[in-house]
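Asks: Line order of the protein sequences matches chains G and F. Taking the numbering used here, the leading residue of the first sequence gets 48, the next gets one more, and so forth. Taking the numbering used here, the leading residue of the second sequence gets 840, the next gets one more, and so forth.
A few of these clues could be false.
A few chain G residues that face chain F, going by a derived Cβ cut-off under 8 Å, partial list only [what the hints assert, rightly or not]:
no., residue
1, Met-99
2, Leu-100
3, Leu-109
4, Pro-112
5, Ile-113
6, Val-116
7, Trp-119
8, Ala-120
9, Phe-124
10, Val-130
11, Val-131
12, His-318
13, Leu-480
14, Gly-482
15, Ile-483
16, Val-485
A few chain G positions that, by computed beta-carbon distances, are all more than 12 Å from chain F [stated by the list, open to error]:
no., residue
17, Arg-75
18, Glu-235
19, Ile-270
20, Leu-376
Source of the hints: derived by calculation from the structure; they are not laboratory data. Don't be surprised by glycine CBs; every beta carbon is placed ideally from N, CA and C.
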Amino acid sequence: MTSYEQSTELEEDFIDDSDNQIILADERYRIIGDILCEAYEPGKEKWTLSDMLDKVFLHKYLGIPIFLVIMWAMFHFTFQASVVFMVIIQNSFNWLGDLVSQIPIPWLASLLSNGIIAGVGFILSFVPPVFFLYLAISILEDTGYLSRAAFVMDRMMVKMGLHGRSFIPLLLGFGCSVAAVMAARTVEGRANRYTTILVSPLMSCAGRLPLYVLIAGIFFPTIAGTIVFLMYILGIVMAIIMASIFKKTLFEEETSPLLMELSMYQVPTLHGAVHHMWERGVLFLRQAGTYLLAGSIVIWVLSSFGPNGFGVPIQESFVSIVGQFVQPLFAPLGFDWRIVVALIFGFMAKEAVVQSLAIIYSVQSETAIAASLLANISPVTALALMVFVLLYVPCIATIGAIRSETDSWKWTALTISYQMVLAYLMAGLVVFLGGIFVG
Amino acid sequence: MDNGNGYRLTLLTAIIGLLYIVVGTIQEILFVIQYPVFGIPLDPIQALLLLVVGAVYLTGINHMRIKLEEGYAFVLVGSILAGLIFILQIIVIGTNALGWFLQLEDWSGWTIWQDITPSIWLFPFAMVLLIYAKTFDPLKTRHKEET
């Protein structure tokens, strides 16, 4: 039997079994090795452009610093390039809000200006950073660098007892946590797969981006891009630390080498990158037009109505009653009841955190959200809020995906609980350190 | 390729690598002492990027001593990174200029000089190195040998 026939036979045996893909790849490379031993005569070394670039991008010591430079560039671009477009969109919605507030029916004027425009309109102003982030990810994917990033991180992850392949689903988590959880299927071994699922929600998804952009832009305007970048890095670091803890406590050690095919580097095309950006970004627009719109109306109703009916002061509204009931738990972190309410709504979707804050502040006063936040929270609390939103419970869609992928409520409950505790502790640490260094 | 040209490439790579390292270090020091200088804003992360670019160039020198073509890979990637942070800064200038042009409130006091960073004025040096290093491109050399 020739090597080719052996290879074809193996492929037929395993073609329907995704878990055996690694065995298939191992066997394929063994056969390639055998063929090369028989047919290849070593001659003068030939280099391709990909070989040259990999020599440096996959360098033992330079690989990770270069990865960090590229990541920083991605988030700096996301923030800095989008700011002006965000302001233009915000100004347009402010103008529209002023226009509809002239409607003579008070409840309708309030619903449209304080509810829908302040909520959905405000969240739509974050379309530029979300689209720019997806554009940057698409370009990195199309060049072939993203798979190299997994390879570069493999060394660090293996040192911590993890599987390098886990980094690919984690990278997908920059777009959406649901995609990251689903992609964990490709990770070899139950322990590795479950660990990846458990830590995937720690990777900062696009839904959290509006809050980072808002807070960093208001409280740290000169280094906003860097602050956003650091949030994403913190997500990666926490995911690696937690995965390492899980592997040492919940699962038996299970390590295997990372085997992946690295495609050749390519120059990305504008059409391809824009197409990928649109495919992913349109989901954000769809969310804004459907359940974020519904959420806006719910939040407006809860903010505008209280036990005494419509038009009560915000402190007597239903949303305030709920927020003030839960707020003492978050008092050590410096979060007031408005932030607590926003975090509760963030459980439905992370975009709703910013949306809720915008509506509550809009119903409360005529002041813009930026001025209201500056007046109500300190920079340290703002940073703690960013860290809390990065790490606290995944959104409801991600919880559904975790339940479906693990087929267990136990693992789902564990994910929610550990993330709450982790978020609280890390935000508390920010407040503690801020108290020491800033005062 | 003769040793003289190889020596010149190594020397040029070392100079440009050191230039990035020195400017990155100065930027870090200026941040620590909070002393802004024209063309070097107080940004510790941007300073780290310059240090990484410098480190890529300087690592290439070690490889050039063994095999010049391998060193070329480091010059190429160093220049890609230098180009990346340069283009990024150009985009920042472009969007800020748009805000200023549209007379948006936050950009009313903006001037182009605020956005001049080392990534901008160091980039021409990186380009000179890349253009000179093109002579040693192993892909081009191989192609010539084959034809």
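Asks: Now tell me, hint by hint, if it's right for this structure.
Replies: Against the structure, the hints come out as follows:
1. The restraint placing Met-99/G at the interface with chain F holds, with a minimum CB-CB distance near 4 Å, inside the 8 Å limit.
2. For the restraint placing Leu-100/G at the interface with chain F, the shortest Cβ-Cβ distance is roughly 6 Å, inside the 8 Å limit, so the hint holds.
3. For Leu-109/G, the interface hint holds, since its Cβ comes within 8 Å of a Cβ in chain F; the closest pair sits about 6 Å apart.
4. About 5 Å separates the beta-carbon of Pro-112/G from the nearest beta-carbon of chain F, less than 8 Å, and the hint is met.
5. Against a cut-off of 8 Å between C-beta atoms, the interface hint on Ile-113/G holds, since the closest Cβ of chain F lies about 7 Å away.
6. With its C-beta approaching chain F no nearer than about 5 Å, Val-116/G sits inside the 8 Å limit, and its interface hint holds.
7. A cut of 8 Å between beta carbons decides the hint on Trp-119/G: the least distance to chain F is about 6 Å, and the hint holds.
8. Because the smallest distance between the Cβ of Ala-120/G and any Cβ of chain F comes to about 5 Å, under 8 Å, the interface hint for this residue holds.
9. With a cut of 8 Å, the hint placing Phe-124/G at the interface with chain F holds, because the nearest CB-to-CB distance is about 6 Å.
10. Because the smallest distance between the Cβ of Val-130/G and any Cβ of chain F comes to about 7 Å, under 8 Å, the interface hint for this residue holds.
11. Contact between Val-131/G and chain F, as hinted, is supported at the beta carbon level, the nearest pair being about 4 Å apart and thus within 8 Å.
12. At about 20 Å, the closest approach between the beta carbon of His-318/G and any beta carbon in chain F exceeds 8 Å, and the interface hint on this residue is violated.
13. For Leu-480/G, the interface hint is violated, the least distance from its beta-carbon to any beta-carbon of chain F being 17 Å, above 8 Å.
14. At a threshold of 8 Å, the smallest CB-CB gap from Gly-482/G to chain F is about 22 Å, leaving the interface hint violated.
15. Taking 8 Å as the C-beta cut-off, the interface hint given for Ile-483/G is violated, the closest approach to chain F being about 19 Å.
16. Contact between Val-485/G and chain F, as hinted, is not supported at the beta carbon level, the nearest pair being about 15 Å apart and thus beyond 8 Å.
17. Non-interface call for Arg-75/G relative to chain F: holds, since the shortest CB-CB distance, roughly 28 Å, exceeds 12 Å.
18. With a minimum CB-CB distance of about 31 Å to chain F, Glu-235/G clears the 12 Å threshold, and the non-interface call stands.
19. Some Cβ of chain F comes within 12 Å of the Cβ of Ile-270/G; the nearest lies about 7 Å off, and the non-interface call is violated.
20. In this structure Leu-376/G is separated from chain F by more than 12 Å, as the shortest Cβ-Cβ distance comes to about 34 Å.
Checked against the numbered hints listed earlier, the structure breaks hints 12, 13, 14, 15, 16, 19; every other hint is satisfied.
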